[in-house]
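Residue strings, one per chain:
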Amino acid sequence: MNVFISGGAKNGKSSFAQDIAVKMAKETGRPLYYVATMIPHDDEDRERIERHVRNRNGLGFRTIEAGKNLSAELHDPEGIYLIDSVTALLSNEMFREDGSMYRSAPRKITAELREMCHTFDSLIFVSDYMYSDAIDYSESVEAYKKGLAEIDKMLASECDLAIEMFFGFITEYSKDEEVPEELLEMAERNDAAEAQQAAFGATEGLQRPAHPMAAEREMNFPWAEFNKHRNEEER
Amino acid sequence: MVLIIGGAYQGMLEYAMEKTHYRSTDVYNCTRDKVDIDFSKRIINNVDELCYACLKADRNPVKYMAARRSKWAKSVIILNDISCGLVPMDPTDRAYRESVSRMAMYLVSEADAVIRVFAGLGKRLK
Chain B
6 MNVFISGGAK NGKSSFAQDI AVKMAKETGR PLYYVATMIP HDDEDRERIE
56 RHVRNRNGLG FRTIEAGKNL SAELHDPEGI YLIDSVTALL SNEMFREDGS
106 MYRSAPRKIT AELREMCHTF DSLIFVSDYM YSDAIDYSES VEAYKKGLAE
156 IDKMLASECD LAIEMFFGFI TEYSKDEEVP EELLEMAERN DAAEAQQAAF
206 GATEGLQRPA HPMAAEREMN FPWAEFNKHR NEEER
Chain Z
-11 MVLIIGGAYQ GMLEYAMEKT HYRSTDVYNC TRDKVDIDFS KRIINNVDEL
39 CYACLKADRN PVKYMAARRS KWAKSVIILN DISCGLVPMD PTDRAYRESV
89 SRMAMYLVSE ADAVIRVFAG LGKRLK
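These protein sequences, in sequence, are chains B and Z. Oh and the first sequence: position 212 is 217 in my numbering, straight run, nothing missing. Oh and the second sequence: position 72 is 60 in my numbering, straight run, nothing missing.
Because the hints were derived from the structure by calculation, they are not lab data. Treat the hints with care, as some may be off.
To be verified - Here are the computed lysine-lysine pairs in the DSS-like style, where the Cα-Cα straight-line distance is at most 30 Å:
| id | chain 1 | residue 1 | chain 2 | residue 2 |
| --- | --- | --- | --- | --- |
| 1 | B | 150 | Z | 59 |
| 2 | Z | 51 | Z | 114 |
| 3 | Z | 111 | B | 28 |
| 4 | Z | 114 | B | 15 |
| 5 | B | 151 | B | 31 |
| 6 | B | 180 | Z | 44 |
| 7 | B | 151 | Z | 44 |
| 8 | B | 150 | Z | 7 |
| 9 | B | 15 | Z | 7 |
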């Protein structure tokens, strides 16, 4: 079962993701991997990593360091992989050390992770929900947010389970969620209108009987003369 | 009316079009420049932008919608939730942020159904 988890900062995403991964490993006896995506840049990052490592102690994870090119690092088809986080993965690939931006990073990662969802059956992705504020950020930050949203949407759709964490509370999202009748009725009306239009359009393609006067008009009207005259005028 | 709410880039319009089979020609995109909605379009997108336009024109966005209630009673309205971040420094942005939430509360109370879209997936709240 592939799982997508998102939500606000410090809302319990990582520990919930670990719980799921450990449970999967216990039930199946398959090997457990933690894919560490953060490339530490300062002491705060290093402390954070240490804290996460302490939390994972004794849970049976093997750690794989993969800040970039994730799919090249995952070799065990039996593996249960906890990927924490998609957010870091994207910033690692999108914002380069020299300060430039790799604009195709979201597309590249979307394709890469989609492929992984098809190859592996026990992936747990952790992302961050950062989409509900009123501040207009710089163009590059907006591109990053938009890119992360594209990856999130693909993962939520490809994974068997999509979860939002809200301070420890879990909300499950599903493609099978009930759709309000009002929307379904609109679809029905639109389909009916389209079918009618298609039927109407088809009759237009049929050969219609010519207007009784058409042949006569064509013969009688001196098109050639008219064109010649007009062409001369234009000259 | 069906109200669809979600954060930036979550795929609310895609959700609406997929479920209703309306096309992009049936969508009205609100803008920050104009206090105007073409109610002949069945999907009213980015109603939060209408709030901004109203504030700039010194008009009350909720009153604007309330006065035209019968025109959107059978429509789909999409609103970007911008209520969860930092308080903006700019006073217009602050007022904008609050007016979008007031609009959301009003539309939620009027809606036959409310859907929240998260990473492209919908969940019915009302």
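Inset, instruction - Taking the numbered hints from earlier one at a time, note which ones the structure violates and give those numbers from smallest to largest. - result: 1, 5, 6, 9
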